[in-house]
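**Q** This is what each chain is made of:
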Amino acid sequence: MKIPLTYNLRNLTVRKTTTVMTALGIALTVAVLLSVAALVQGLRTSLQASAHPLHVLVTRKGSTAELNSITTPEQFQTVKAKPGIAKNAQGEPRVSQELITVVVLESPENPAGINITVRGLTAVGMAMREDARLVEGRMFRTGQREIVVGRGIAERYPMARMGRKIEFGRGYWEVVGVVDAGRSAASSEMFVDLNQLAADQGRQSALSSILVRAADQVSMQALMNELSSDRGLNLDAQAEKAYYEAQTSSAAPIQIVGTFVAVIMAIGSSFAAMNTMYAAVARRAAEIGTLRVLGFSRLGILTSFFIESLLLSLLGGLLGCLLVLPLNNMQTAIGSFVTFSEISFQFEITPQIMMVGLLFSLIMGATGGLFPAGSAARKQILVALRQG
Amino acid sequence: MSEWVIETRNLTKEFRRAQFKIPALKNADLHVQKGEFVALMGPSGSGKSTLLHLIAAMDRPTGGEVFVMGQDVGKLSEGAVARWRNAHIGFVFQSFNLIPVLTALENVELPLKLTKLGKSKRIEHAKKALDVVGLSDRLHHAPRQLSGGQEQRVAIARAIVTDPDVILADEPTGNLDSGSAQDVLTLLGRLNKEFGKTIVMVTHDPHAARTASRIRYLDKGELLPEGQVPEDWALTIPAKE
Ligand SMILES: Nc1ncnc2c1ncn2[C@@H]1O[C@H](COP(=O)(O)OP(=O)(O)OP(=O)(O)O)[C@@H](O)[C@H]1O
Ligand SMILES: [Mg+2]
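Same order as they appear, the protein sequences are chains A and B. Mapping of the first sequence onto the numbering used here: position 349 corresponds to residue 349, and the numbering continues sequentially without gaps. Mapping of the second sequence onto the numbering used here: position 42 corresponds to residue 42, and the numbering continues sequentially without gaps.
Isolated chain B (complex conformation) (with noise of 0.2 angstroms):
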């Protein structure tokens, strides 16, 4: 049993195209601990994303492994790595991707059909969710009738609503204007300090990295060693102020 909520050993992922091997991630070790918020930056291609997808087994690693509380994700069989994500994961996507049929609370009750719930416990838990993330008043609205901020709201409500252990957000804040965005990151922190949820997010925005604990940079598939950033990047961060 591993103390890390995520453990990543040797984690590569090489695409093919015709002839063409493309190394996305090369022998990633990232270790996550409970109760951290760790931001993944790095230039567009490093492998942020194919870095979360393997966390969170939306795809199978071309070598290595991952841990996620000590689970071996890549020895789950198809039908049990999505209840397992179900359970343990919960993934925030730069374009929302909420179910534009359901209500707000609707699409929160969603992963909540998995569970043994029972009608009313979902709709209370779904309901608890939206108070979190500030929607209460909003649980009947259509995701069109939301603003872009709201919508990623109810999706990180989606995200937190079965209690995973962890969060994982691939730019939550790229599709927003920057006053929804510093919204989103004021409740990804309090999720972080007020919940104690483990948050892992990707992000191009300094300011949004800011809000995390630790900061890990990637470039060219290669997870740098922790502190070091990618050459050339001092150049794209404006100075703290």
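With the rest of the complex left out, here is chain A (with noise of 0.2 angstroms):
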């Protein structure tokens, strides 16, 4: 680089005013871009902390999700019987017939409500979520109508705290304890005796999934494979994981409309980045001029005038990787397209991500800057240095 960077610096500098409105509209750009990869990012972790790599997640054959699942007792006997199932302490295989449904939850936010997942399950279940935590109060006991529910619903929902009672199903229900599961999805559920939610829906017969705890990596492919492939059985089994991958499509729709609008935001701010370096190309004509009499080459003049187009938009990444920061951690919600029930989780703001938002800012300042940055190069020497 033969012309000084301290050359474009400084020239940045001394127009500010320009500078940072141009900068300004990239940072816009890019915090908008980086908001959305925040989100998805949150709620892909959330899902990836919510799945165990050695469930299995069973459901009726065709059913997309737990909540329109439904599988019998005696179904969940058969599949206790199939070979590469974990054990417990106790020897019983880890298997959890469970009964999902939702409740309307009321929160200042949302007055309406919001579809809340109410999973009901058993000690065995509950246990084979290793993440989730008792921070307060204590489990559900057995033929009562008694919650535990996720730290995340107990921050959000008033009515759903410690000692409140909440009413569904043929009566009130108390919240007796919060569980801490951290980002997982267990933080947005409430948790009640299976038989005890199963007997006030009058779904004894007809509960939702099974999740499966397979004994290890290799097991789990045969056991996913037999359950399926039993004809008597009906029901399709799933990695947990792969299940809770497809929810982060819930966030498509935000993801689509928020890249749309961050392009075309881009094209603006191209555009912006173009206008400013024209314009610095031609009130700094005598310079160019100059530049070449001392013998610095077209091709150096480019290259400095693209740099400073890049050093532009780099100020403006940079700003809008600042503008982007309180974000991260900040706890949001989304409903989900499988679940038909809300997920909550927290924006997350990796280095990546403000790596993509600055190569962003890059590709703006390099298509703004090319075009003003090759009619710097191309001026004749005596024309240049008579415009100045």
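Misleading hints may appear alongside valid ones.
Said to hold, decoys possible - Result set (DSBU-like, lysine-lysine): computed pairs, CA atoms no more than 30 angstroms apart in a straight line:
(1) B/113 / A/2
(2) B/75 / B/220
(3) B/193 / B/127
(4) B/26 / A/379
(5) A/379 / B/116
Claimed, not checked - Between beta-carbon pairs, the in silico distance windows are:
(6) A/18 / B/74: 40 to 48 angstroms
(7) A/279 / B/231: 41 to 49 angstroms
(8) A/366 / B/229: 54 to 62 angstroms
(9) B/118 / A/16: 28 to 36 angstroms
(10) A/380 / B/229: 31 to 39 angstroms
(11) B/175 / A/271: 34 to 42 angstroms
(12) A/366 / B/194: 45 to 53 angstroms
(13) A/16 / B/175: 22 to 30 angstroms
As the list claims (entries may be wrong) - Covered, in the sense of this in silico footprint (three residues per stretch, anywhere, with C-beta under 8 angstroms from a C-beta of chain A), are these stretches of chain B:
(14) 74-82
(15) 90-97
(16) 100-112
Derived from the structure by calculation, the hints contain no laboratory data. Here a beta-carbon is modelled for each residue, glycine too, at the ideal position from N, C-alpha and C.
Build the complex from these two chains, which are given one at a time in their own frames, with help from the hints.
**A** Structure below.
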């Protein structure tokens, strides 16, 4: 790089207002893109955290979600007897038949209410959620209308705090405990006794899904094949990981709209950068002529103005990263297309996401800077000198 | 190999504007020896600047050749001509043309960026050049913090820092008050006498021309023979005191 970088940096500082305005446009564009990326990343992290690598989710053939799956106690018994299933300390297979339903909870943000997953399960099922830690109160007791809520629910819905009663099924259910499951989906669910819920709903013989813990990776694949191909069972078995990963698509509309807006803004920002750089080239025509007389080549001039545009956009990119930083770890929620209830999670801004933002800003700077830099390089020396 | 630092043969430049041809320079044969200080004079539009620009390869002639230190400048490629100019030509403009965002020292260092010199050597050379023009105490001043005369002296330091074969100056005192103009002329005279620099200077000022060892006149694009002055020219020259 022959023409020193200080030359570009000082020129950017000299025309402060233009630089800041142009950079701000780029910053907003980057911020939009990064917000969407942070949302998707947060959702992905939450969903990935939800899945245990050895868990197999068994649902009725053809049903896409736990919620609309129906399994019977007989099927449960058959599944339990399959080979390759992990056993707990008592020697029982780690298989949990569960009943999933939704209740509407109101919050100050959503007075109309939001669908929240209620999961009926047994102690075996609860124990399979290893990352769920009781942080307040106690577990629900069998045969009681008692609820243990995920921490995210307790925080966001005043009506689901410790000691409160929620009405659904055939009566009032008391919140007796809070579990912290980190970023996993369990933090946005409520847990109750399977039999009590089934009795309330009259679904003792029509439960939802079955969760199975495979003994190891090898038997997991065999187990899934076995479960899916058993014609008598008529069930689907998939890795819990895959099930949750599919739910990342719930963010697709936001992702598509957000990316579309960011791209439109990026085109605008590129033109703004181009405009700024054309003005710089015009204002510094005599300097360009002088640099040429001093022996700098056309390529040197091109490089210098191109780099100046990149620096300008990089400034915008950094500003954009700063703008979205407060979003990091901010709690949010999205309606899942798979479970028809809410998944709550946190925006997550990773270094990779910021790198993407900076790269995106550099692309804007490059597209905006190429033509002005080219026009600077094409100038005839004497013409340039006269324009000064 | 020519013995001349500058030699032009039949050097011609025509500008085309629509269907008109403007002959800016017609068959000029200029010879400048090493260590000479030549002043170019002549009425406005007579082709003085055009001649300087062609010597510096800032423009291409429409006819004839330019040799600098025996090098046929017209034979250099686009890329080579930039490097050649950096190494062999120091150009001084009427309007100084310093880079406004760079300090005096950085302005003078700039042409050395194209050489193989390392940072410390570049700074050393730039400081030396600024010392020669008497501005050692203004190294870190921006151009707008300098007077016109000081700016032009920085520009001269920038022109000599690469130790070029020729210094070309186009009305270097044209934008200066008489005091600063005198400083610049004295400086150019010193560069010629003490440092043996070959200088070609365009000027309108007969007093300035007298600093030179030789004056050549141009008239309507013609380089007049040695000693010949344009018609009516005597009227504009004040008598020597
Ligand atoms: N780019 C150009 N296009 C057309 N004509 C030009 C161009 N540059 C110079 N000329 C013409 O060429 C002639 C010589 O111009 P030049 O600039 O060499 O004169 P000069 O002797 O330096 O004059 P001055 O003393 O006013 O600087 C003039 O008639 C001028 O109008
Ligand atoms: Mg001129």
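**Q** Of the hints given before, which are not true for this structure?
**A** The structure breaks none of the hints.
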